[in-house]
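Heads up: the sequence lines are chains V and C, in that order. The numbers in the working numbering rise by one with no breaks, and the one at position 101 of the first sequence is 1172. The numbers in the working numbering rise by one with no breaks, and the one at position 261 of the second sequence is 266.
Treat the hints as calculated values from the structure; they're not laboratory data. C-beta: ideal position from N, C-alpha, C; glycine also. Possibly wrong hints are sitting among the right ones.
[Said to hold, decoys possible] Sample of chain V residues at the chain C side, in silico, Cβ under 10 Å:
| no. | residue |
| --- | --- |
| 1 | ALA1202 |
| 2 | GLU1205 |
| 3 | GLY1226 |
| 4 | TYR1394 |
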Amino acid sequence: MRNILDLEGRLVGEAPIDIDTTRRLYRAMVEARAYDKKGTTLQRQGRLATYAPLLGQEAAQVGSAAALDPNDWMVATYRDAAAMWMQGYPWEVLFLSRSGDERGGRPPVHVDVLPPSITVGAHMIHAVGIAWAEKLLGTSRIAITYFGDGATSEGDFHEAMNFAGVFKTPTVFLCQNNGYAISMPRERQTASATIAQKADAYGMAGEQVDGNDLFAVYAATKEAADRARAGDGATLIEAVTYRIGPHTTNDDPGRYRDPEEERAAHDRDPVERVRRYLENEGAWDGDWEETVQAKAATTIERAVELAESLDSPSPADIYGAVYEEMSPDLRRQLEGIES
Amino acid sequence: MSELTLAGAITDALATALDKDQRVLVIGEDVGQTGGVFRITDGLLGRFGDQRVIDTPVAESGIVGAAFGMAVAGLRPVAEIQFMGFSYPAYDQILSHVARIRNRSQHRFTAPLVIRMPCGGGFGAAEHHSESTEVIYAHLPGLKVVIPATPYDAKGLLLAAIDSPDPVIFLEPIRLYRLVREEVPDGYYTVEIGKARIESEGTDVSLITWGAMTHEVREAVEVLSGHGISAEMIDLRTLRPLDEDTIIESVQKTGRAVVVQEAPKTAGFGAEIAALIGERALYSLRAPVERVAGWDTTIPLKKAEHRYMPTTETIVAAARRTMEA
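Chain V extracted, bound-state conformation (with noise of 0.2 Å):
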């Protein structure tokens, strides 16, 4: 398993990154907690609907996007808001989609990040599909796709990775192996000793990292995007991850899973890991930090203003969105509704 960054932030291999670059990624992470944290508070207060939180993936997700060109195309869950607003997915439009809000799957028009899928696995293959498309126009434009171990068990994780390695699509498979699909942990999803092998059945390359360590994640990533543009066909990386809060705010992970191999995971939290490198390299203070908490606060604090400013959709905006234009059968359907 690929590691650039220890438990205590020291380096036991190259950082791909300089200091300044590793600030902006920190406070990244910083934000993206931040938000999975008022996620799962807005969730309580009934604001949000079911909320799945990020909490401890935040270095295989800012690691990964932070690796991408900005207009790479991303297809991404429910659980990775955190690379969707990396690659320019806004705070308040994701908190739209959480709210129940068809326009949350509705980013500016310059970010190719399609709506966070919701069902498991059928999205990979969709990312084959783009980068494909690409390849054929021409462009240097790749595909990055994210999704879970439970993925893997799909039989459609089978066929997207079957299309990449026969075609040799421009595809990024992202698999964050967070330990737990819902209740059921990575031993029940797979005989094989890890996901990245299965790189092998389908002949692309495969890798292991410590999904908790972001020059790790972020250093694969690079390699697999570089590895796509130069035409080498689709790489997937194996970010060995936890998760350390629930599946979604409806479950109650007492029921399956040991609290203290929770416990044990905040030892391995990816943010507190840069935090400690920084610190070490003399990049951090307490001074800094509060700025960056303060700022990650007020930013994702705003993001819920503009998301919870907006009228719920209309009648005519749910009918108008079903074709380009809307057919007369549903015409006269919305009129009844509207009279």
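Take the given structure of chain V and dock chain C to it, following the hints.
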């Protein structure tokens, strides 16, 4: 003009689209080297190359899912599923993603792809090769569902489907592939999606059908004429969006309706037509709406298949019942 079969008209449409628009590509199992199991894509690989006529692994969900991604990224893929009965592994992709991406992104992302599927029975094929499950696609908001019955319509509707900004399920009645030839214009033209076609006008009873059953209904119109009954034949051509007005205007004129479908009766698309007539033309009716359908069974294999199928006789009998009511 060329004299083409329905199959030939589809091939001509694909070639016309590939020629006209660089974004169009054909993708599916065996569509390249062998030209497809029905030879619909014959010759396209040689003419347009393997970047635009793509043989895939045997994986329907993968084909549709990849074509979905291509469409989202700006291409215009035409995916082929070898038989409608093999389309179900792709149903999750179609239902959960293809049909919904416009809604779930509020127009930000769209999937303008065409999924072609040969459908229907009557040729003694192996199990799973004779399906008429159009209703499972017609039920999904966000999809257009098209089923041509003539060579002219097949070409024009397929070209319209490829140009459509919304995803289209394009159903091809296998039994009609090589049944007749007709004059089909060369080059590009479209037939509007969402518009039914009145094949023959009549005043006593409306016979409403689509796909392969147009053949039997056409014969039934002749037989009824011999009995002094003037039947109006409507070929729906598009199941979704449904051309409600053409159906309703016809029933308001004739006061009688017979819906003919090859699919099993219960919860078939014919039930939707009957309900529509009940909603919008009940007081014009002089007789209950008749449904002539396949049995409520799995379509039988070769030896009993002909017993399952609606026939000219069963259609005529239903129309006569409406006259006697």
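Taking the hints in turn, this is what the structure says about them:
With a least beta-carbon distance of about 8 Å to chain C, the hint placing V:ALA1202 at the interface is held under the 10 Å criterion. Taking 10 Å as the C-beta contact cut-off toward chain C, the hint placing V:GLU1205 at the interface holds, the least distance being around 6 Å. Contact between V:GLY1226 and chain C, as hinted, is supported at the beta carbon level, the nearest pair being about 7 Å apart and thus within 10 Å. Interface restraint check for V:TYR1394: the shortest CB-CB distance to chain C comes to about 5 Å, inside 10 Å, so the restraint holds.
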